Every structure is written in structure tokens, then in C-alpha cells.
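Participant: Here is how the chains run, residue by residue.
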Amino acid sequence: MNHVANPTGIGASVKRVEDLRFVRGKGRYTDDIRLHGETHAYIIRSPHAHAKIAKIDTSRAAAAAGVVMVITAADLAKLGGLPCGWLIHSKDGSPMKEPKHPVLAEGKVRHVGDSVAVVVAETLAAARDAAELIEVDYEPLPAVIDMSKAAAGPALHEASPNNQCFDWHIGDEAAVKDAFAKAAHVTKLELINNRLAPNAIEPRAYIADFIQATGETTLYTSNQNPHVIRLLAGAFVFQMPEHKLRVIAPDVGGGFGSKIYHYAEEAIVIWAAGQIGRPVRWTSDRSEAFISDAQGRDHKTVVELALDKDGKFIGLRADTLANVGAYLSTFASVVPTILHATLLAGNYTTPAIYCNVKAIFTNTVPVDAYRGAGRPEATYLLERVIDLAAIETKRDPAELRRINFIAPSQFPYQTPVALQYDTGNYGRTLDMALAAAKYKDFPTRRAEAKARGKLRGIGIANYIEACGIAPSAVAGALGGRAGGYESGAIRVNPTGSVTVMTGSHSHGQGHETTFAQIVSDKLGIPFDQVDVVHGDTARTPFGMGTYGSRSIAVGGSALIKAMDKIIAKGKQIAAHLLEVSDQDVVFENGAFTVAGTDRKKTIGEVAFQAYVPHNFPHDKLEPGLEEQAFYDPKNFTFPAGTYICEVEIDPDTGVTKVVDFTAADDFGRIINPMIVEGQVQGGLAQGIGQALLEHCIYGADGQLLTGSFMDYAMPRADDLPMFKISTTDTPTPCTHNPLGVKGCGEAGAIGSPVALINAVVNALSEFGVKHIDMPATPQAVWRAIQTAKSKT
Amino acid sequence: MYEFDYTRPSSVADAAKARGDDSSYLAGGMTLLPTLKQRLARPDKLVDLSGLAELKGISVAGGTLTIGAMTCHADVANSADVKKAIPALAVLASGIGDPQVRNRGTIGGSIANADPSADYPAAVVALNATIHTNKRQLAGEQFFKGLFETALEPGEIVVKVSFPIPKRAGYCKFPNPASRYAVVGVMVADTASGVRVGVTGAGPCAFRAKDMEAALAKNFSADAIANVAMPAKGLNTDLHATAEYRAHLVGVMAKRAIAAALG
Ligand SMILES: Cc1cc2nc3c(=O)[nH]c(=O)nc-3n(C[C@H](O)[C@H](O)[C@H](O)COP(=O)(O)OP(=O)(O)OC[C@H]3O[C@@H](n4cnc5c(N)ncnc54)[C@H](O)[C@@H]3O)c2cc1C
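Residue numbers (this note's numbering), protein chains in the order written: chain H, 1 to 792; chain C, 1001 to 1263.
Here chain H stands alone, though its shape is the one from the complex (with noise of 0.2 Å):
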């Protein structure tokens, strides 16, 4: 590292910042606001999947005791949808079917905990009361919950008539068919990849406070992109001037995607405090949670991969069922799609690839990106079947992978589903794991085990990501309604601390500790005298938001490009000051210096100028030092790695323990070491949890069988091993960004549930088990013994 000169530079695991007020009880959430005269919102969901609504008698719950208004569809006629983000085209060419998805449900409840009322009183107790007293005639319908049979099933929406969203493909078919005849030999697999619940801890929160003198709402909101929000608010719900609302995202707990999105409660409490002029606020509880939160993957796969004699992969097919759930979710049609069909060349040089995807409407609630968003199952089915395909043709998984890699010399490659990697390296992160995962010794491992009576397996899996959507004219191409770009805003105050301003959002990853880095490491200014202001549509600039591993690549390299601006200014005030030409003038370790000699103006000294202009080249310059950039990617990044999973099967219970799990990431250059590790923590327990654990089940009749942690299964600190995590080696730096950055924030939860169950298939290898679905619970895993040995 050649960074150590800046302790809190670049390289360096400063601790967060922003710490010292989570664990101390400090943090200021949505909820800890409390605004003079509020009200609160309780929401009336449908206890059916799928019923017609006859009729909505609200008048006994207007007249009790406390209640302020009572909100049916009926009085929100004038509001647009909640609008999808993503336009995808079927392979027909057809527009995908975009069914109307209203703040309130119109004539029709399309899932369990489908918004039907509202009752806004001067306590949430008071109306929870008057809420009991709506009665909402229902007539039942047949629920649509299995994709399978969606199409024989009723219409959820007039506009799609078979419940199919779209069919849409990527590839090249007739490349894939000729592969396939002419395979030495082909491994089919049929999977599921299970529907989770996101279970941020904190719950969706909103409060919103119209202020009529001036016409002008703010929006507290638990999100991940402000902006966003007030965009799609604003523009398409109610029409307004975006002037006129300002969203405000405090201190969020967590959001893994499902906090991106714009929800019904966010529009409900707006129009209704524009309405009453009184705020109006609302907390999800936990079991609302479960039936309103966009839930995550929910994908059905056939995948085959064709092998030439040598082992090589020649082809690649996939066809894939996504749930999408009653409604489009703001970016429900890209997460199946675009993110998901493009990686499967995976970190291999597949030539031929093809995919279809098929997306369905059910009864369930939206299914939209949870971390990772697509590219887990893409992972998932070609690691998978990868693995399989290495058992049949008894290769080594790790060399099988090996020989099928893209070379470092093979860079920039060309993958045939659309993707331009930029750079890589994988031999170097499967040997770094291997290594570090004792991998040729694991037969030991395994017959120590044996004799204890468990049954011991080992999992390999590589992944690639691709993070930060862009460039935005590429999105554009693709169906995005939005751009793909970041804006950073530096001001130096007239003292020479710096206020960096963030499009981008905190909720969990840490910006202002890794954001103040990059500040200190290139003004060479303490840390402590850079403060990072994000989550506020009024403080900072136009911006997309957190999700998608994309706030160091696109909100960092915003920054660096505001701060090339800062450094350019402040050399011709230095160069003024100075009495010398601009261009001998070169910025250094915090100073503007003459090249060549110890006269300098530290940035202090040029910002008071810059404030105080009385020596200012006014005839050059305008006074000030404060730069806004916006920067738009011209490619994805591309981080990659290797995951290496052991685990335990105790054979009469059928648990499995994960005892130990190795991850080698190339995430580029690392701005804190600290920080990108417990990301990847984060995000390897969230894999864990999918592969082991957690699933969302509905009922044939559409009720969520798990719907409270009773139930659904989290994963916990007792179901995870201690990590091994080597994200300081950085082989390959992103190369078409300032920082040479990847993003880290998904590869834990894409890479490691496949890890998983390719451990657990390993350790069930001497029943001849092939395969098993997530969740790998004990119970599906003793059933696979018993069936195997049934067999025998």
C-alpha cells in the first residue's frame, strides 16, 4: 500500500464515523421525528391474494373518535400509478404488460396486505380503532401463486390476459443449438432460486409535512435514493412541481434494495398531508413488513450447459420463470432481465449464450432487487450447474472452472450476452482461495469428520458482478427511464474544511467515513475536517442514489472529478497569490506549491482568499471554492471472485453447519480495508441465510405461511462460521474510473449461497444426491438422505 503517509487517506480502515452515533442509541431515523401537530396513517390491507372489492362502508370509521380522514381509492382518482422504472421488450417486440399499480386498490385486491383504506387520526391507537370499524366486502377469486400454472389461472390484470409480464430473451438461439449438437457432453439442472423476505432492521418508515404558506411538502423517508423518489413522486404520482417537494432520507437502517423503490405509504402520506395540512406519518410493523416490502429473487430455471471433450464450455442455455409478484416494482422488469441473463458468461469463456426469461404476475407481493438483484441467480444456476457438470464428467470443480476462465490477456473481452468486462483476473482469486481455504487438504478434512459421523463437503464458486448501471445512454438504449450518473459537490468553507455534498446514499455501508477518505487522501486535509452530507433533495445535488455496489465507482468518481475542479481554481488563486504562472504552480499534500521550491499557499490560506477576495485575480475568477460534478460510467465495473464453503452434515438431523468459509474478492482499489471486509461479512450472512434458511412460502390460497420471524428464518450469529476474507489484494483496478474502484457492497450475497450448496451436495455426494434447493434446511437435507438411500 502506498498510502500509509495519509492515515486517513485512501487504503487506510479509518473507523466509521458515523458509529459513534449508531451504537450509542444516536442515530436519527425516520421515526425518532417528531413534528409538531402530526397525525398518524394506519393502513387497511386485504387479508384475501385475490378478490374483487364489492363494496368499502367507511362511514361508521370517519365519525370515531380521534380519526381525522378516512382514504379509499375513490378520493385518490386524480393520482397516477406507482410507476415502473424499466421498460423491457418481449422478443415479439412488444412492450412488456405495465397494468396500472394504484396508491390504493381499485375495484381489486391483488395480493395479502394489498393497501384497500387508510384512516389518518390524531393517535395510531385511535386509528387501529376506527380501522376495525371499515367494512370491505370482498369477493374472493382464485389466487395465482404458482408460475407454473399462471397462465391457465384468472386474469390479475385486464391488460394480461395469461398473467405473463413479458418474454423476453437475450443471445444467440441458433449459436446455442449448434453448440448443444455437437457437445461432448450436456448437464441439465432445474432449480429454484427462493423468494426471501429483505428485513431491513429497520422497518419502511414516512412522514410528511405540508406547509401551505409556501406550498411546499417534505417527505421523511427510510430510502436509498431521495432523488429518486421525489422524481417518481413528483413527476408521475402527483403531478407536481418537483420544486415543491423535498425528500428528506435521515439515518436509514438498512435498505438491501428494498428501500429503493416508491411505495404506495409514501404517496398516501403526501397527498394526505397536503390534504389535512397537518403532517401525516406512518411506521411499518414487522408483519406489514412481510406482506408490503418488495420481496427479493423468486426465480424458476431449466439451465444446460454444453461440453466439449476437453471440458470446455461451448454453450449455454437458461430459461427462467420470474415472479414479479401483483405489481411492477420500481425496477422489478430489469432485475430478471438485464441484470441477471447479462453475467451468465459468468468468468468464463462461454461462446454461445442463450436465455429467455419469462416474467409472471402472481398474488404475491412485487418481487424487486434485493442485494445482488439478479446477478445472485446468475450465479446461482451457472455455478451450479457448473459443479454439476464436473461431477458427471469427474473433473475437479476448481480446475473444470479453470480451464474455462477469460485470460488477464483477453482483456477487454467481449461476452456474447452484451457485457464488455474491462479487466480481471480469476486464476488469481481461485488460487488466493484455495490456498487460503486449504483446499488439497480437505480429504483429510473430510475423513476426520467421517469418523466423528458427520459428513464433511466443500463448495467452489467464482462470481462476477457487474455494478453501476451505465453508461446512462446504454441504460437508455436498454429500457432504463433513468440515468445511470452521480453527482458530488465540494465546497471548501472560507476555513478550509470541506462539506462534500452526495447524490449518492448512506444506510448501513458507511459514505461518510470512505467518502471523507477520498476528500482527505487527494485535498491532503485531515478527516476530520470533511463532513459528508447526503439524503436531503434540498442539500445536495440531483443524484440516483445507493444500490446496485454503485456509490464508490459513480459517487466517488463524482467527487474526484469536483475536487479536479476545486484544485484547478485553487491553483490560479495560489498562482495570484504567489506571483507566478498557473502552470508552475502544482498542488501537493494539502498546498498549492511552486514547482521547484518551498513557496506555498496551503488550501486554507487559498479558500480564505477565495471568501475574502481582497488579493483575487477578479478578472479571471469568480470568488468561491466550491465545484459540482456530475459523472456518468462509461461501463460497468466488474468485480469478481472465488468463494470457497465447508460445511458439516450431521446425517441423523440433516443440519448443516457451515464450518468454514473463505472469500477472495477483487473489488479493484480498496478505499477502507475495514469497511469493504464487513461488507462482504454483511453480504456472505445474507447468502447464508438464502442458502440455509430463509424463504418466503405462500400458500396455494396466496397467505404467507411465513410471515414473522417465527417462521422465517433469519440467519444469526451462531449460523455462521468466523470468515476468511481477503479484499486487500486488489489484482486487477477498475480500469475507466478515477479511483480504479469495483464496488463490494452484493458479492457476498452473490456469491455465497451457491458456494453453499455446492458444499452440501459435495457432502452428500456418497448418497449420489445431485442436487438440492435453497433453503438446504434440515429437513429437506435428511429427506435427501432418506430418498437416496431409498433408492439403493
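No lab work stands behind these hints, which were simulated from the structure alone.
Where hints are given, some of them may not hold.
[Claimed, not checked] If you only want the chain C side, here are some residues facing chain H, beta carbon under 8 Å, derived:
no. : residue
1   : Phe1174
2   : Pro1177
3   : Ala1178
4   : Ser1179
5   : Leu1239
6   : His1240
7   : Ala1241
8   : Tyr1245
9   : Leu1249
10  : Val1252
[Unchecked claim] Using 25 Å as the maximum straight-line C-alpha spacing, the simulated SDA-like pairs for lysine to any residue come out as follows:
no. : chain 1 : residue 1 : chain 2 : residue 2
11  : H       : Lys657    : H       : Tyr439
12  : C       : Lys1037   : H       : Met69
13  : H       : Lys300    : H       : Gly93
14  : C       : Lys1233   : H       : Arg783
15  : C       : Lys1037   : H       : Pro47
16  : C       : Lys1056   : C       : Glu1156
17  : H       : Lys789    : C       : Val1252
18  : H       : Lys454    : C       : Ser1221
19  : C       : Lys1037   : H       : Asp711
20  : H       : Lys100    : H       : Gly480
21  : C       : Lys1233   : H       : Asp711
22  : H       : Lys454    : C       : Glu1244
23  : H       : Lys620    : H       : Asp564
24  : H       : Lys657    : C       : Arg1180
25  : H       : Lys312    : H       : Ala174
26  : C       : Lys1083   : C       : Ala1061
27  : H       : Lys450    : C       : Ala1226
28  : H       : Lys789    : C       : Ala1222
29  : C       : Lys1037   : H       : Ile33
30  : C       : Lys1083   : C       : Lys1167
31  : H       : Lys569    : H       : Glu626
32  : C       : Lys1037   : H       : Gly66
33  : H       : Lys657    : C       : Ala1222
Given the structure is predicted, the values throughout are model-derived calculations rather than measurements.
Using N, Cα and C, we set each Cβ at its ideal position, and we do this for glycine too.
Assemble chain C with the ligand onto chain H, guided by the hints.
Facilitator: Chain C with the ligand alone, transformed into the frame defined by chain H:
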């Protein structure tokens, strides 16, 4: 929650008197309060039992361990008396829920509630405990009647539970991966009145596994029950375990409980 009255009497007699037909006793509140918050129950009054001295304390006398109904799980788990007299009971209590639940939830509340997957019922049955109420004494084996159903009459208060100290006992539980209640929990006890096997989690309420008891009476070892199958018929099926899997787990947990009893 709906509105309710609240009272905290200081004698058992006052508590019984304070409770009307629609009132509830409040112990640790770990089960009752979530029910109220979700508006699934609407008592007119909560009669808080925390002021009743008779319901507190742990004592050992005459070969019997007695635990007051209001004793929380953490106190049972950490009690030197319990660890010495019936270590398996301390192990059981230490595996209930999480630290918050163990520091609020009580033995009286647990058995009065008779959740099919609660841990204590296995011990009540296996150790042949006696439930002392404000009216009478009930034999542990006859206490659990069905799903959330006990022999308690409306308004009857559990005052204490006494456990005859066994020669040896072991408890082993297969926790639900989500809630960590018992999918199956088995206590095996070698007692003065013979070997007793108490099973919780598997059926509508705790029961004795008599076939296993018979085998263990002859030979107190895990091998003795290797071929004693638990029938799946009548056992619970839910998302986490079918009756068949539960039946299998009863055998596995029983063997592990025996191993624990043998130390
Ligand atoms: C997150 C969580 C995890 C848990 N995990 C487990 C677990 O792993 N294993 C397990 O066994 N339990 C578990 N529990 C339940 C826990 O043990 C509770 O404490 C227990 O079920 C009820 O005890 P309580 O003292 O909280 O009773 P309360 O909730 O106060 O009362 C429960 C019921 O019993 C009645 N009652 C209480 N005391 C008496 C009395 N003395 N006489 C007559 N009636 C009475 C009340 O009126 C009420 O109807 C868990 C609970 C939670 C919230």
C-alpha cells in the same frame, strides 16, 4: 393493543379475586403481550402476578426441587441449586428463546400457556412434576390436555412446580431454525418410579414415549432404543417438519438426551 385495566395484587387470594371472566394473568408477558399487540386477545384487565411473594424462589428439600411459578428461565438456568439437583433442567431453561425472553419469561407462564413446542412440558412430564395451584395439586402427567390446553380451571393460578429429583436426566432439543422453540424436545429421566421419557414439540402437547421407557428400563443406554421407532401418526406437521421427520427426530433427540444423562 386494546385498552385494558391493570392491577398488581400482593396476595394470591387477591389475584384470584381480581380476575374477572375476561381478564388475564400477566407473568413475563412474553407470550401474552405480543398477542395483545396484535389485537388477537382483548382482556378487560391484566392481573400482574409479579407482586406475589408465594410465586417466587427456588428451593430443594426432601429430594424435591421446587420452583416458584414467577421464576424466569434465566434464574432457573443459572441457579446453583437447579444445576446441582437436576442439571438437565438448567440446560433446558438455558436453551429457551434468547436472553431477553429468558429474563422475562417464567416457568408458570410457560406451562400455563402449554405451547406445543415449549420446552418445559417435556420436563414436567418426564420428571413427574407436581403443579401446585391456588386450589390443588396436579400431577405433571395429567396437566397437559392438548394444544394450548391444560388441566387448569379458569382463574386457577399456578403457584409453583415441584420436581422429584431423578437419579439422572438429560434434555435435548431440536430447535426450530426460525423461532428456536422445540421442533422436538426430549427429556429422559431415570427416576425413583422408573425411566420416563417426556416428549415436547412433536405432538399437540407433551407426552410420554412409553415404548422407549420400556426399553430403557432394561438397559439405560442409547443403544437400547436404536430399534424403538416412534410412530408418526398423530404427530404435528408444519412448514419446518412433517410428522415423519418429527418422529425420526424424537429418536435422535432421545438418544442424545440419554447420552447427556449418562454425562
Ligand atoms: C422470541 C421468543 C422465543 C421463545 N422461545 C421459546 C423457546 O425456545 N422455548 C420455550 O419453551 N418458550 C419459548 N418462548 C416462550 C417463553 O418461554 C414465554 O415466556 C412463555 O411461553 C410464557 O411465559 P410468560 O411468563 O412470558 O407468560 P405470559 O406471556 O405473561 O403469560 C402466558 C399465559 O399464561 C398465563 N399465566 C402466566 N402465568 C400464570 C400462572 N402463574 N398461573 C396461571 N396462568 C398463568 C397468562 O395468563 C397467559 O395466558 C419464547 C418466547 C418468545 C417471545
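Participant: Each hint should be assessed against the structure and marked as holding or not.
Facilitator: Hints versus structure:
no. : hint                    : verdict
1   : Phe1174                 : holds, 6 Å
2   : Pro1177                 : holds, 4 Å
3   : Ala1178                 : holds, 4 Å
4   : Ser1179                 : holds, 4 Å
5   : Leu1239                 : holds, 6 Å
6   : His1240                 : holds, 7 Å
7   : Ala1241                 : holds, 6 Å
8   : Tyr1245                 : holds, 5 Å
9   : Leu1249                 : holds, 7 Å
10  : Val1252                 : holds, 5 Å
11  : Lys657(H) / Tyr439(H)   : holds, 18 Å
12  : Lys1037(C) / Met69(H)   : holds, 24 Å
13  : Lys300(H) / Gly93(H)    : holds, 24 Å
14  : Lys1233(C) / Arg783(H)  : holds, 18 Å
15  : Lys1037(C) / Pro47(H)   : holds, 18 Å
16  : Lys1056(C) / Glu1156(C) : holds, 17 Å
17  : Lys789(H) / Val1252(C)  : holds, 18 Å
18  : Lys454(H) / Ser1221(C)  : holds, 21 Å
19  : Lys1037(C) / Asp711(H)  : holds, 19 Å
20  : Lys100(H) / Gly480(H)   : holds, 18 Å
21  : Lys1233(C) / Asp711(H)  : holds, 23 Å
22  : Lys454(H) / Glu1244(C)  : holds, 22 Å
23  : Lys620(H) / Asp564(H)   : holds, 18 Å
24  : Lys657(H) / Arg1180(C)  : holds, 16 Å
25  : Lys312(H) / Ala174(H)   : holds, 19 Å
26  : Lys1083(C) / Ala1061(C) : holds, 15 Å
27  : Lys450(H) / Ala1226(C)  : holds, 20 Å
28  : Lys789(H) / Ala1222(C)  : holds, 23 Å
29  : Lys1037(C) / Ile33(H)   : holds, 23 Å
30  : Lys1083(C) / Lys1167(C) : holds, 14 Å
31  : Lys569(H) / Glu626(H)   : holds, 10 Å
32  : Lys1037(C) / Gly66(H)   : holds, 20 Å
33  : Lys657(H) / Ala1222(C)  : holds, 24 Å
Taken one by one, the earlier hints all hold for this structure without exception.
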